[in-house]
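Asks: Next come the chains, spelled out residue by residue.
2 protein chains.
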Amino acid sequence: MAEVQSTQPRSGESLLFLTDDQLRQGIEAMFFAYRGFTADPDRILQDMGYGRAHHRAIHFINGAPGTTVNNLLSILGVTKQSLNRVLRTLMADGLVESRVGRVDKRERHLFLTEAGEALERKLSDAQRERMRAAYRQAGPEAVAGFKRVLEAMMDTDLQRHYQKLREPR
Amino acid sequence: MAEVQSTQPRSGESLLFLTDDQLRQGIEAMFFAYRGFTADPDRILQDMGYGRAHHRAIHFINGAPGTTVNNLLSILGVTKQSLNRVLRTLMADGLVESRVGRVDKRERHLFLTEAGEALERKLSDAQRERMRAAYRQAGPEAVAGFKRVLEAMMDTDLQRHYQKLREPR
DNA sequence: TTGGAATGTCAACAAGGCTGACATAAACTG
DNA sequence: CAGTTTATGTCAGCCTTGTTGACATTCCAA
Numbered sequence: 001m002a003e004v005q006s007t008q009p010r011s012g013e014s015l016l017f018l019t020d021d022q023l024r025q026g027i028e029a030m031f032f033a034y035r036g037f038t039a040d041p042d043r044i045l046q047d048m049g050y051g052r053a054h055h056r057a058i059h060f061i062n063g064a065p066g067t068t069v070n071n072l073l074s075i076l077g078v079t080k081q082s083l084n085r086v087l088r089t090l091m092a093d094g095l096v097e098s099r100v101g102r103v104d105k106r107e108r109h110l111f112l113t114e115a116g117e118a119l120e121r122k123l124s125d126a127q128r129e130r131m132r133a134a135y136r137q138a139g140p141e142a143v144a145g146f147k148r149v150l151e152a153m154m155d156t157d158l159q160r161h162y163q164k165l166r167e168p169r
Numbered sequence: 001m002a003e004v005q006s007t008q009p010r011s012g013e014s015l016l017f018l019t020d021d022q023l024r025q026g027i028e029a030m031f032f033a034y035r036g037f038t039a040d041p042d043r044i045l046q047d048m049g050y051g052r053a054h055h056r057a058i059h060f061i062n063g064a065p066g067t068t069v070n071n072l073l074s075i076l077g078v079t080k081q082s083l084n085r086v087l088r089t090l091m092a093d094g095l096v097e098s099r100v101g102r103v104d105k106r107e108r109h110l111f112l113t114e115a116g117e118a119l120e121r122k123l124s125d126a127q128r129e130r131m132r133a134a135y136r137q138a139g140p141e142a143v144a145g146f147k148r149v150l151e152a153m154m155d156t157d158l159q160r161h162y163q164k165l166r167e168p169r
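Top line first, the protein sequences correspond to chains G and W.
The opening position of the first sequence corresponds to residue 1 in our numbering, with each subsequent residue numbered one higher.
The opening position of the second sequence corresponds to residue 1 in our numbering, with each subsequent residue numbered one higher.
Derived by calculation from the structure, the hints in this document are not laboratory data.
Careful: at least some of the hints might be erroneous.
Note that the list lumps identical chains together, so a pair holds whenever it fits in one copy or between two copies.
[As the list claims (entries may be wrong)] Computed cross-link-like contacts, SDA-like style, restricted to lysine to any residue with a CA-CA straight-line distance of at most 25 Å:
| # | residue 1 | residue 2 |
| --- | --- | --- |
| 1 | K164 | H109 |
| 2 | K80 | F60 |
| 3 | K164 | Y34 |
| 4 | K122 | V103 |
| 5 | K80 | G49 |
| 6 | K164 | E28 |
| 7 | K80 | T38 |
| 8 | K122 | D155 |
| 9 | K105 | L16 |
| 10 | K80 | D42 |
| 11 | K80 | A64 |
| 12 | K80 | E129 |
| 13 | K105 | D20 |
| 14 | K105 | T19 |
| 15 | K164 | L16 |
| 16 | K80 | L16 |
| 17 | K105 | D47 |
| 18 | K105 | Y34 |
Here the structure is a predicted model, which means the values were calculated and not measured.
Let's have the full structure, built from the sequences with the hints guiding it.
Replies: Structure (structure tokens):
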């Protein structure tokens, strides 16, 4: 099948992998892959009247329980008003709980409820399953390369968040 | 098809790269990287009153000049109403031109005008620059792996579009 | 103690997805 | 030829999710 470009330049000399055409392929691969990446959770969410924004909030609250609204804001890169709307519905539906900060009462610390964790599991199971299939199909070497490129593609400030999330919890 | 097995991890190889935590990292990397991926064009578009939807249309019309509306629809995966709104503004602004089909007069074939090509260049220059930087930083081996994983992550029907776009033009 | 900064909420608006209904023209089919 | 299907465009209306503006609460430092 797609052995088209697997003729790799040997050990760093050739810069053929930086041609405009190669880059264009990468751009389109990102576009199509991202659609696949979100497709499964999107389907689940749609049936519940939620969207991708709800998924993102749930995902990162799950990864960092007790996080503040402000912190979540900077990770997600949206305005607080936008996030607030999502959080409001999630709290109304009993999936997310917000507790007033003990030391700073202005802050709200966010947690998933039992139901929230259940939905998180359902969503991430679906997404992980596709990831796992892709990883397995591509193999460990490819996965290492995949991550190297993605990390280099992030904005530096987002890289900070990413690194932080990679720390052992 | 001769190399169906070649993507399987060799027996005895560690499967550590398939742990839930590894997958979670990959998921978050996709999220942050995609933001970086779209950030530069988004900035340019915003100043002109356009959005990502316009960029996608311009990108694929540029890649396949003379494509029909229906074809573009299936690549972009949106409804015709949604695409039509975008195309209408692009044509009104003189960036895209639509010509009635010669053999089938129901079809509209889409082309970029001079101005459209100029904008396309501006957008893809910005996006390619980031891609190029990421590619260079990660190296050719990593790029090969990057593509392998992305291709495995696509839906199969989207893979078809992707492969088609990779054919020599 | 008082004013500014930080945090979060509510309201209103815009972009861009979506569905449904309908119109037109051209192509195809019996 | 009549009827159906296909390709496209348009209108109306809804939803999600981004935006800005206004405002309340809380903290902290001068």
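Asks: All hints are to be evaluated individually against the structure, with a verdict given for each.
Replies: Hints, verified against the model:
Taking the closest pair of Cα atoms, K164 and H109 come within 25 Å of each other only inside a single copy of the chain (18 Å); across copies the shortest separation is 48 Å, beyond that limit. Within a single copy, K80 and F60 get their C-alpha atoms as close as 15 Å, which meets the 25 Å cut-off; across copies the closest is 34 Å, which misses it. For the homomeric pair K164 and Y34, the shortest alpha-carbon distances inside one copy (23 Å) and between copies (18 Å) are both at most 25 Å. In this assembly of identical chains, the alpha carbons of K122 and V103 never lie at most 25 Å apart, being 34 Å within a copy and 50 Å across copies at closest.
Taking the closest pair of Cα atoms, K80 and G49 come within 25 Å of each other both inside a single copy (21 Å) and across two copies (23 Å). For a Cα distance limit of 25 Å, the shortest separation of K164 from E28 across copies, 11 Å, qualifies, whereas the shortest one inside one copy, 29 Å, does not. With identical chains, the CA atoms of K80 and T38 are at most 25 Å apart both within one copy (23 Å) and between copies (21 Å). In the homo-oligomer, the alpha carbons of K122 and D155 lie at most 25 Å apart only across protomers (20 Å), although the nearest pairing inside one protomer, at 30 Å, exceeds that limit.
Taking the shortest alpha-carbon separations for K105 and L16, neither the intra-copy value of 57 Å nor the inter-copy value of 42 Å comes in at or below 25 Å. For a Cα distance limit of 25 Å, the shortest separation of K80 from D42 qualifies both inside one copy, at 23 Å, and across copies, at 20 Å. Only within a single protomer do K80 and A64 lie at most 25 Å apart by alpha-carbon distance; the minimum there is 18 Å, versus 40 Å between protomers. In the homo-oligomer, the alpha carbons of K80 and E129 never lie at most 25 Å apart, since the shortest distance is 31 Å inside one protomer and 31 Å across protomers.
Taking the shortest alpha-carbon separations for K105 and D20, neither the intra-copy value of 53 Å nor the inter-copy value of 35 Å comes in at or below 25 Å. With identical chains, the CA atoms of K105 and T19 are never at most 25 Å apart, being 54 Å at best within one copy and 38 Å at best between copies. When the C-alpha separation of K164 and L16 is checked against a cutoff of 25 Å, the pair qualifies only between copies, where the shortest distance is 21 Å, while the shortest distance within a copy is 34 Å. For the homomeric pair K80 and L16, neither the shortest alpha-carbon distance inside one copy (44 Å) nor that between copies (38 Å) is at most 25 Å.
Taking identical chains as interchangeable, the C-alpha atoms of K105 and D47 are never at most 25 Å apart, the minima being 36 Å within one chain and 39 Å between chains. For the homomeric pair K105 and Y34, neither the shortest alpha-carbon distance inside one copy (39 Å) nor that between copies (35 Å) is at most 25 Å.
The structure shown violates the earlier hints numbered 4, 9, 12, 13, 14, 16, 17, 18.
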